[in-house]
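Novice: From first to last, the protein sequence lines are chains P and D. Once you know that position 40 of the first sequence is 40 in the working numbering, the rest is easy, because the numbers rise by one and skip nothing. Once you know that position 48 of the second sequence is 48 in the working numbering, the rest is easy, because the numbers rise by one and skip nothing.
Please note: incorrect hints may appear among the correct ones.
It does not matter which identical chain is meant; a pair holds if it fits inside one copy or across any two.
Claimed, not checked - Straight-line distance between alpha carbons at most 30 angstroms, and here's what the computed DSS-like set of lysine-lysine pairs gives: (1) Lys39 / Lys119; (2) Lys308 / Lys267; (3) Lys353 / Lys119; (4) Lys51 / Lys308.
Simulated from the structure, these hints should not be mistaken for laboratory data. Since the structure is predicted, the reported quantities are computational estimates derived from the model, not experimental observations.
The residues making up each chain are set out below.
2 protein chains.
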Amino acid sequence: MNKQITLALLAVSLGVMSATPAWAQAKSKAKDPGPLVLKSQGSFFVGGEKKTITQPGFGGGAPTTGDITVNQMYVQYQIPPDGDRHAPIVMVHGCCLSSKTWETTPDGRIGWSEYFVRKKRSVYLADQVSRARSGFDATTFADVKAGRVPPAQLPNIINATHQVAWSVFRFGPTFGTPFPDQQFPVEALDEFSKQVIPDLNALLPNPSPTWTNMAALAVRLRGAVLMGHSESGFFPEQAALIAPDGIRGMISIEMPCPTLTADQIAKLAKIPTLVMFGDHLNDMPAGGIANWATSFDSCNAYVAAVNKAGGDAEMMHLPALGIKGNSHMLMQDRNSDQLADLVIAWIDKHVEKSAKR
Amino acid sequence: MNKQITLALLAVSLGVMSATPAWAQAKSKAKDPGPLVLKSQGSFFVGGEKKTITQPGFGGGAPTTGDITVNQMYVQYQIPPDGDRHAPIVMVHGCCLSSKTWETTPDGRIGWSEYFVRKKRSVYLADQVSRARSGFDATTFADVKAGRVPPAQLPNIINATHQVAWSVFRFGPTFGTPFPDQQFPVEALDEFSKQVIPDLNALLPNPSPTWTNMAALAVRLRGAVLMGHSESGFFPEQAALIAPDGIRGMISIEMPCPTLTADQIAKLAKIPTLVMFGDHLNDMPAGGIANWATSFDSCNAYVAAVNKAGGDAEMMHLPALGIKGNSHMLMQDRNSDQLADLVIAWIDKHVEKSAKR
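Start from the sequences, fold in the hints, and give me the full structure.
Specialist: Listed below in structure tokens is the structure:
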């Protein structure tokens, strides 16, 4: 291969080769937290069902009929020594993202997943059904390609652009201009942009298999705290409405909260609930895709309704605690350790010390 | 929601609720290997480039133009204490799969990734570009849905059915009938089927960004052994032909080997190479999708050509070592630990003790 092309391709892959990327600089400055000791780790699937399909044979041969598995949910876990002394936590990412959400931050710091494990919590990361390692049901794409189904029936795939992400995630008032107190490591925006991937949730049935699988996982773990973010922020509650067994707590981060029936509120009020919001909810220009002020109001109303029904729900609005500058991606913000400590303290007080199951 | 539907959905998610699944039985029988101690772990991306797209506005608004990132490769790693005393190993999965390939086996045993780390090797797992957590370029799907591009231009997505996988992976001569000495844990076939996901490699440019990213990762790690399997079996060599810098060894598992030019062979002969094949290569009925006998022959020819050019290439044909019954998914077979030990011994002898870089 032409040497110029080779070097160009390598340069593309390595990014800016002459400068140390932001994540590497951050890593070298962070003090070494010491070794990570695990009792066990691994991965498995929840859910999944067989679907029979007919497709062209390989290499264009005669059509063949066979079975595929769809609606499965990939889960990766780590258990620290004595992890069974605490409620395990299931973390589910949002739109256009994967379990990377909870891993090493874009600027190279330990993410929530490892932080919680170092704080002696068992952590289970789930790729939503139809996302990342959970795969997706590609049947319709084949049908459209073959002309069996019109193109308009292709599911709407969300491709969140850098500009849309900047706005929805409240990195700053305009693209490229961060809020002065912005906690998100915007210098690592290029690295962050690489974890934004197509979102195929539009092809899922209702109820979403992710909700059902989350409920089943809580049962399989003999009790777990379910955590959702953004698109999945209210998934713990949706899972609890399907089957509350084993759901010991619900943590809902940055999303609109729906208006529910009294019956639904009564069911959800049985499970301790934490709702979290960051900063600058009123500071984005009008006309953006997300209306964070409205979302915040809807969740305050939800928290109030749950408490009025005898539940234990808390709204943790970070600026109200004096913690400024948090973005929508608060688990990746510079103060992510401090926020994780707040969540763990809430779990200790409301889930673990509480007699409620 | 109707209680019957709820219970049915839960049952689907939990699988067979009344029987202990195969993976749980295996787990309880395996002896406890003790805690896993890590010096560090994390995830990051290699490669990725900006692409400008125009798409309908959210909620059907006026079209907007913005940038997305494509061709990035997600990498997850674990480094044991003193991991820097050994060459790190980059493991890349094959068709229709993800890095799950190297993780907990379908029947619940420790996979190669953790096994190699317990043997003091740093392990980097890469989701191929366009797969799993690396995302994929969904632009064409949006163009077809909008009618801008004809449906025939949709990429051909590979949906490997249970029946095709059984045949290609040589689980047995006919679907549901395993070879008597089959090492693959076929009782866990349902769990295995959940890790088989759509393969969108057809939408990638040539050269594949995965090859370029693998080469860049070897440089970033200041030297690594690259390991590929099946569809990615020859990716280490493709990466080395792009840029050999930092590629300290190449491990190619179960694939057809191409015929190369003398110049290409001379380049590859500079890097120690291990080629691995399992059992029953001649035992599948004619007319199947994969012709393992032909693949095996092609790789014997490749190994011979590399050695003739002064290289250090070895064909490890497991039955020739008296190890019988291995499938195409040999890293998940029941004797996966024994096979991992063979690979590690090869690395120690050919990569680490060798002065060649």
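Novice: Hint by hint, note whether the structure agrees.
Specialist: How the hints compare with the structure:
1. Lys39 / Lys119: Answer is both: 13 angstroms inside a copy and 16 angstroms across each meet the 30 angstroms cutoff.
2. Lys308 / Lys267: within (13 angstroms within a copy, 73 angstroms between copies)
3. Lys353 / Lys119: within (17 angstroms within a copy, 40 angstroms between copies)
4. Lys51 / Lys308: Answer is neither; intra-copy 44 angstroms and inter-copy 50 angstroms both fail.
Of the numbered hints stated above, the single one contradicted by the structure is hint 4.
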